[in-house]
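Using the sequences plus the hints, can you model the full thing?
Chains as they are written, first to last, in full-length UniProt numbering: chain B, 1 to 281; chain R, 1 to 314.
If you're looking for bench data, these hints aren't it; they were derived computationally from the structure.
Incomplete in silico selection of chain R near chain B, CB under 10 Å:
| # | residue |
| --- | --- |
| 1 | 46 |
| 2 | 57 |
| 3 | 64 |
| 4 | 67 |
Backbone N, C-alpha and C fix where the C-beta goes; we use that ideal spot for every residue, glycine too.
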Amino acid sequence: MEQGKIKDLLITATKIRKHSIEAVYSASSGHPGGSLSIADVLSVLYFDLMKVDANNPKWEDRDRLVLSKGHCSPALYGALAEKGFFSKDLIKTFRHIDSILQGHPDMKCVPGVDMSTGSLGQGISAACGMAVNAKIFDKNYRVYAIVGDGELEEGQVWEAAMFAAHYKLDNLTAFIDFNGLQIDGHVSEVMSPMPIDEKFAAFGWNVIKINGHDIEEIKNAAVKAAQVKGKPTAIIATTIKGKGVSFMENQASWHGSAPNKEQYEQAIKELDAYLESLGVK
Amino acid sequence: MADNIATREAYGKALAEFGDKYEIVVLDADLSKSTKTDTFKKKFPERFLNAGIAESNMMSIAAGIASCGKVVFASTFAMFAAGRAFEQVRNSIGYPNLNVKIGATHAGITVGEDGATHQCLEDIGIMRTIPNMVVINPADAVEARAAVEAAIKHNGPVYLRFGRLGVPVIFDESQYNFELGRGVMLADGNDAAVIATGLMVHEALKAKEELKNEGIDLRVINIHTIKPIDKEIIIKAAKETGAIVTAEEHNILGGLGSAVAEVVAESYPVPVKRVGVEDKFGRSGKPAALLEMYGLTAKNIVEKVREAIKLKVK
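Encoded structure:
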């Protein structure tokens, strides 16, 4: 990938992070930690790989993304707003009673949201449904699911994994956001789903392990996944929960809490400083 | 009256029939021989998917397919559809208002010998509390077939409740007009009204004959759509007869009886008595013996009608 493109995607990822912080701060609630960890993956998907049309969100042949870890809606909303599905001004209305931007994504009212999610484990199944629909009706769109590592504790994820392999859903790519933390602490201590790679492989998936903050690795893995025939791909993306905001990084306490004014300003300052280092004033 | 036919048989036949006319997709969870979706599978293998023994996953898969613009039937036993997969039905199907039709067979106590774990007596109550969900409980094979087509044409989620036991055919297919959300007055009468659903409709018709000998003129109403319920036909019955009895193969809590009582209490209060399973779990046994044991016969309807008439405000 050329350096300019990488830089652009890093800039977009940082903007997604800023939107996430903005959203959670405006709502005084929400999930910043996991939103910050998936920003790079969302940036690569929406701004380099996915075939979508912001002017025609329901386009039948579009690629689809299911945010199975639906609580990280701030990052998804940030990506969709940057992509032009709706006005960036709406970010500040996140979780407000008169807003379309509900705490968890609602496909009925948010342009660009492909599935209503929030109840963990269900999104990846829905993604399988979309992928199998393409197989039945000979469509060539791709389906992406973003699944939390803690979410892997839900049994339904493995029902979906079985289904995807059984029906050879090679048009499905699941990004596992492997940040190692869930609400109650370390994933490995709460209820370890490890080893994640061997489990997906045993379920019949192609498995790729990457650094989930490395733009090139994300892109290359997704491209490779699309070339694999006969099986779905799980991209295990090692990430840092709270990535980009120093005091949020690797802190389970930032899974679902909002920053106060001072913390908000500090977070934005850090993200702006990073943008500036990328040449954005 | 024709032979006894289980509504699940009619469901399977209807799927195979309507598969020609509509581009439906059918899912099952390893019960296709029992739910009768195998009739569709044989005819349209490319549009049939087995999700295996994983009902929750099946419901969310169905949602994913429906999100791509297709009408999807997801089938399993009522216990697993409404019970095990409740949250998937609520969050993946009901909330996004997707075109998933849940074909739930083996509902009620007449599953018989499999016993309490398989006798779903809660599903109507569970399903009618999910916003957007339409709930249909057909009385016979003719109504079941018509309900399947109505569900395909309806835009949104539908729960279709079918039974395992063969039940008498009440309706004449050439005459029958199914309207979603509209009750059917099967017999007029002004002393009391029995509002029944599913296989209890046939029992209600028998009760009418028995009460005729006592000089009681019973109105018989079939409610195939429990949600949205036909308020008009219920309120009219309350006004014109002054006493209502409901009859269903379901817990008396939360099902048709509750739905009717809500309408009556809010719009035109008259006594309402309910025939149903009295908040108990079932047990293994022959379906007919279970119906007797749990009080789901014409005789029970007759008793409740007498009680309801006694409570009428003179």
